[in-house]
Amino acid sequence: MTREQKQTLVRILVSAGLLAAAVLLPVQGILRPTLFLFPYAVISWDVLWEAVQNIAHGKVFDEHFLMGIATVGALAAGQYAEAVSVMLFYQIGELLEDCAVDHSRKNIRSLMNIRPDSAGLLLPDGSVKTVSPEKIAVGSTIVVKPGERIPLDGTVLRGESTADTSALTGESMPRRLAAGSEALSGCINLSGVLTIQVTRAYGESTVSKVLELVEHASSQKAKSENFITKFARIYTPAVVLAAVVLACLPPLLFQLPLRDWVMRALNFLVVSCPCALVISIPLTFFGGIGGASRCGILIKGGNYMETLAKTDTVVCDKTGTLTKGTFHVTQVVPAGSADKGRLLEIAALAESCSSHPIATSLREAWGKSAVPEQVTDIQETAGRGVQAMVNGQPVLVGSSALLQQAGLTPLEVTQPGTVVQVAADGTYLGYILISDEVKEHSKEAISQLKAEGIRRVVMLTGDDQKAAETVASQLGIDEVRAELLPGGKVDTVEDLLQNKKGSLVFMGDGINDAPVLARADVGVAMGALGSDAAVEAADVVLMDDDPLKLPAAIRISRKTLRIVRENIVFALGIKLLVLILSALGLATMWAAVFADVGVTILAILNAARALNIRKTDTRK
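In this text, residue positions in the sequence shown follow the UniProt record's numbering: the first is 1, and each later residue adds one.
Keep in mind that the hints are not guaranteed to be accurate.
Said to hold, decoys possible - FRET-style restraints, in silico, Cβ to Cβ: (1) 565 to 245: 28 to 38 Å; (2) 580 to 257: 16 to 26 Å; (3) 54 to 128: 50 to 60 Å; (4) 115 to 383: 36 to 46 Å.
Said to hold, decoys possible - List of simulated lysine to aspartate or glutamate pairs, EDC-like, C-alpha gap at most 20 Å: (5) 443 to 469; (6) 6 to 98; (7) 501 to 452; (8) 145 to 125; (9) 443 to 312; (10) 324 to 364; (11) 501 to 312; (12) 368 to 339; (13) 500 to 478.
For the record, the hints were derived by calculation from the structure and aren't laboratory data. Glycine residues also receive a C-beta, built at the ideal position from the N, C-alpha and C atoms.
Produce the complete structure using the sequences and hints provided.
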């Protein structure tokens, strides 16, 4: 408990004792109401003072004003014990609300307590000095001992260990670190001593990005939150107006007892506060975002969570998302009398300056390094291939379309994989077959998406149609868009957006996907913390390369939205019921207090469920 909460608890106990004394003491006449004023003053002075201050600032219809008017009215009507009791239970409810909200926020903050306070800076003389991570520059060397949290991103120079990455990825399997490995801040070093060269400043580190994304997520409000904010502005004045009408019209028109109808109107005032919705709904989204982050899923705001829950179409990039993106040559097929070795050499030389994964696999298969003079006049056509002069000969390396454009007829390939056609000096030499490996959980992820009711799962790729269909068939994907140029992905998503029923989600590995991520209803960047552009463009960031995180994100979002709807229906339903019963004279002020304070506490406790993301929610 905070100091203020402890003071409130003391006031509650003192007021309760004075109330009991006022009820039990056999005092009559003018002294009896005076006795009740003491416990009322002890328990209500802060509420009444807050109401006066708010009225001075033009904020009339708030909970302090409503509770003040209701209880002062009850005192004026001679309901002394009820007036004190209502304020007493209101303060008890407020205290419980504060404790529940503080507990939920504390749980979320503890999830995010992954930022180290210190780092061991290695000095030139070999000693280690403990300093703040913010003071360490890029290029400096730090030492991380077993049990310590890695404070900054870097590359391991010396040492071997395993790291607990669960705070970032949500996965319990330790990750092995050795010389040359990338070490991410926020992970816990489990075994050996590591010497790490810092590659990113503290403000740009992985742990800082994670915390920044989660902390800023609460500012992106969902439609449900905006609805409740607007609803509260209308609901409270409307109920207050109804209370005035209820207190005045029946006695004036039908000569009914004024005191009875005033008490009914006071019940309306107690019920009119929308606290249950105003507090619990933002807390639910905050809890859902915090719970998802514990599983390695960073959702940038409640609005994206709400959109994700309505997912109808999922579009996935193939390479690096559903497959590992690690290509290797599986076949070299020469045409006619061409030599296999020469075929591979020409392809590797032509691709010697390309950073594309396919080019890397060709160079690795050749096993040699190109001499700069061997390759000149390189022209790379995105999605088609490369034209170059290799050892003085014009060479074409790429898709069948590239060779057909030059008037050549390449062999037709039926085997699964990416086909690289090769021609030199106007002669077709053959093709090289390159394969990518499907990720371990890709098939299960697609299966889970369908189990979640996702209507369409579409795979996008620049590969030829047959190779793409082979992978799609292996994964259980029904719809494929193949042979796409880079700009074709955006056009395809635009086309799919025209035929969606719910939300369209695009998931990519973050490499060159920023335009598509930004165009989709929800852009999901997988394992993209290393790509600033992808993190900026994406609405959801998956901390690792596991495709199972996408159906998990959808499940978590739907669970959060379900809790939000439960709270809306429950709170409004109870309040409406008590309003009707109050108007009919069947509800006491005790029922009105429950409809306000009791419902708020129950809604907050229900909202806390959003934080409790079980392992089965991510691995169903």
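Each hint tested on the structure:
no.: 1; hint: 565 to 245: 28 to 38 Å; result: holds (31 Å)
no.: 2; hint: 580 to 257: 16 to 26 Å; result: holds (20 Å)
no.: 3; hint: 54 to 128: 50 to 60 Å; result: holds (56 Å)
no.: 4; hint: 115 to 383: 36 to 46 Å; result: holds (42 Å)
no.: 5; hint: 443 to 469; result: holds (14 Å)
no.: 6; hint: 6 to 98; result: holds (12 Å)
no.: 7; hint: 501 to 452; result: holds (15 Å)
no.: 8; hint: 145 to 125; result: holds (19 Å)
no.: 9; hint: 443 to 312; result: holds (19 Å)
no.: 10; hint: 324 to 364; result: holds (17 Å)
no.: 11; hint: 501 to 312; result: holds (6 Å)
no.: 12; hint: 368 to 339; result: holds (17 Å)
no.: 13; hint: 500 to 478; result: holds (16 Å)
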